[in-house]
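K.L.:
Here are the chains, one letter per residue:
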Amino acid sequence: MAKNTDGMDSGVKSKKEKRMDIVIFIVLTIGAVAMVFPLVYMVCASFMTKGQILSGHFSLIPNPLKTGTYKEVLFDSNFLKGVRNTMLVEIPVLIVGGFTSSLAAFSFSKLKFRGKNGIFLGLLATMMIPFAVIMIPQYVMFTRWGLTDSLLPLILPGLFGNVGMIFFLRQNLSSIPYEFVEAAKIDGCGYFRMYYAIFFPLMKGAVMTQIILWFMGIWNDYLAPTIFVANDEWHTLQVVIRQFNSQYAVNSNYPLIMTASVMALIPTLLLFFFFQRYIIESMAISGVKG
Amino acid sequence: MSKKGYNPPKKKMSKAAFREHCYGLAFVAPPFIGFLVFMAFPIVFAFVASLTTWNGMNNMMDHFCGLENYIKLFTDEKFWKVLGHTIIYMIGIPIGMFLGIFIAMGMNRKIKGIKVLRTMYYVPVISSLVAVAILWAFVFNYDNGLINVIIKALTGKQGPNWLGNEAWVKVSMIIFMTWKGLGTSIILYLSGLQSIPRDYYEAARIDGASGWKLFKNITWPLVSPVTFYLLITGMIGGFQVFVEVLVMLPTGGKNYSAATVVFYLYDKFAANKYGYASAMAFLLAIIIFIITAINFKGQDKWVKTID
Chain A
37 MAKNTDGMDS
47 GVKSKKEKRM
57 DIVIFIVLTI
67 GAVAMVFPLV
77 YMVCASFMTK
87 GQILSGHFSL
97 IPNPLKTGTY
107 KEVLFDSNFL
117 KGVRNTMLVE
127 IPVLIVGGFT
137 SSLAAFSFSK
147 LKFRGKNGIF
157 LGLLATMMIP
167 FAVIMIPQYV
177 MFTRWGLTDS
187 LLPLILPGLF
197 GNVGMIFFLR
207 QNLSSIPYEF
217 VEAAKIDGCG
227 YFRMYYAIFF
237 PLMKGAVMTQ
247 IILWFMGIWN
257 DYLAPTIFVA
267 NDEWHTLQVV
277 IRQFNSQYAV
287 NSNYPLIMTA
297 SVMALIPTLL
307 LFFFFQRYII
317 ESMAISGVKG
Chain B
7 MSKKGYNPPK
17 KKMSKAAFRE
27 HCYGLAFVAP
37 PFIGFLVFMA
47 FPIVFAFVAS
57 LTTWNGMNNM
67 MDHFCGLENY
77 IKLFTDEKFW
87 KVLGHTIIYM
97 IGIPIGMFLG
107 IFIAMGMNRK
117 IKGIKVLRTM
127 YYVPVISSLV
137 AVAILWAFVF
147 NYDNGLINVI
157 IKALTGKQGP
167 NWLGNEAWVK
177 VSMIIFMTWK
187 GLGTSIILYL
197 SGLQSIPRDY
207 YEAARIDGAS
217 GWKLFKNITW
227 PLVSPVTFYL
237 LITGMIGGFQ
247 VFVEVLVMLP
257 TGGKNYSAAT
267 VVFYLYDKFA
277 ANKYGYASAM
287 AFLLAIIIFI
297 ITAINFKGQD
307 KWVKTID
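Those protein sequence lines, which keep their order, are chains A and B. In terms of the working numbering, the first sequence opens at residue 37 and continues consecutively. In terms of the working numbering, the second sequence opens at residue 7 and continues consecutively.
The set of hints was computed from the structure by calculation and includes no laboratory data. Please note that a few of the clues may not be correct.
[Stated by the list, open to error] Within a straight-line C-alpha distance of at most 27 Å, the following computed DSS-like cross-link-like pairs (lysine-lysine) qualify:
1. K54/A to K303/B
2. K54/A to K222/B
3. K86/A to K158/B
4. K240/A to K18/B
5. K52/A to K158/B
6. K158/B to K102/A
7. K51/A to K158/B
8. K121/B to K148/A
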């Protein structure tokens, strides 16, 4: 294996290297198939009948092919409520939170004000605080404010912005020369206009990537919704999926559980396939430079 | 916190500079207020609560008990048990790194179709934790789960009780978590590998180095920032493992054999033992802080940068 560490395939490859490529490709393919195999099986199982899964024989091909489970889940009122509630959290948080985060990133990167570094470090430090610490106090707060009967515990904190996004956008803006600010000042441009007319368009791509990642984060979040939202009416999709699981596992209705899980995965998977390049890039940047 | 913004300015700001100062502060006000309300205040609150036996009713300060909760924690066998499980699960971190660097090295070649493979490795990372935990609970099922069904088809024997056996359940959790996180290690190592200048290898080749030596002396040291990042984030996340267990083993497994610190903490929280749960949360934060600090201190010894 160690021989392949170089990755310098400039120009013509030798015969030996080509053979190496093939071996590596095969090994990596086997690994990749193993990685997605459980997910593929999940999709297959969602089309099977309960009897086939419980037969104890290994099979991938649904026989008979049953599509009715999808209909059953899709028209389940709890499932639909879950999707609705998740979207009701997503929309305000992403719009308002995206705005506040990008505005703050602009300010941290391009404006001069006292206390800037202190505030920024304070925000960054919060990324290290375990959720377990703030979970109980937040729960007490939301209960006292009478919000646990609504989606507000999930929406409110997001409106104030997202530290990860601020950090990433600030990094992104640092490559834009300060002369832009000076030129705008000379032209008598106000600070807010500087943000929305000059800098926001310049970081639009980065903002979009961060919004997509944030969307996925909210979509996949389970812990906060399950702790802070007491009313069944406002359960988000992940909480509903989990309830399906406990409810239907009793009578081993695995096809239904798998179907619901598949459907909960589809939106994030689609987003990932469409925006793969940006998502992977921004992940890599936060790891290498963070 | 810092009162910097309101201290009398040491040297007087010009009118324009003062205007910029005000706008700058105003623009960062929302996240800062969010930080105060949803982070700073809760942290203080959690610390005070950890010094009480509060159950959520009445006045918290009437239940003040000093450090009693912390002392109780040190003699709480269950706490040590779940802490042990939490640490055992972290075996997945080096396993993920090992697989990650080797797969990334394989991918760092110009081979057609490699991008498709990269995507396949990454899919578990972006998948919903609840959905894949449900899936894996089924994969590990003793009677009809995917793994045991395959084992039976291949060998004719019944496979292990993945989630029901106190020892196997740890193996199962480590497999699951490694599977979920592997894509991240690969992507990060890959971008680390791509930033290593080629002439380093060429120079070493001329000096007669090859194979393992190239890896040991060039590749591994130069991806050490990635290793460091994975170690830090892996451990911070590792101490907080919870949803995985909650979904796969809602009761914490046979004899609590799968429970983690946060799982135990959540149990106490659900039982309205806010004081005790807060103490546990605080202890957890302190452990995380100390381990992160040790890692940062130790990094000079082994983390290299390219320039």
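K.L.:
Hint by hint, say whether it matches the structure.
P.N.:
Right, here's what the structure says about each hint:
About 44 Å separates the Cα atoms of K54/A and K303/B, which puts this hinted pair outside 27 Å; it is violated. For the proposed pair K54/A and K222/B, the alpha carbon gap of about 24 Å is at most 27 Å, so the pair holds. Distance hint between K86/A and K158/B is fulfilled; the C-alpha atoms sit about 19 Å from each other, no more than 27 Å. Of the pairs offered as hints, the one joining K240/A and K18/B is violated, with about 37 Å between alpha carbons and a cut-off of 27 Å exceeded.
The hinted pair formed by K52/A and K158/B fails the criterion: a straight-line CA distance of about 40 Å is larger than 27 Å. Note on K158/B and K102/A: the hinted pairing holds, with a Cα-Cα distance of about 26 Å set against a maximum of 27 Å. This hinted pair does not check out: K51/A and K158/B have alpha carbons roughly 42 Å apart, beyond 27 Å. For the hint pairing K121/B with K148/A, the CA-to-CA distance comes to about 43 Å; that exceeds 27 Å, so the pair is violated.
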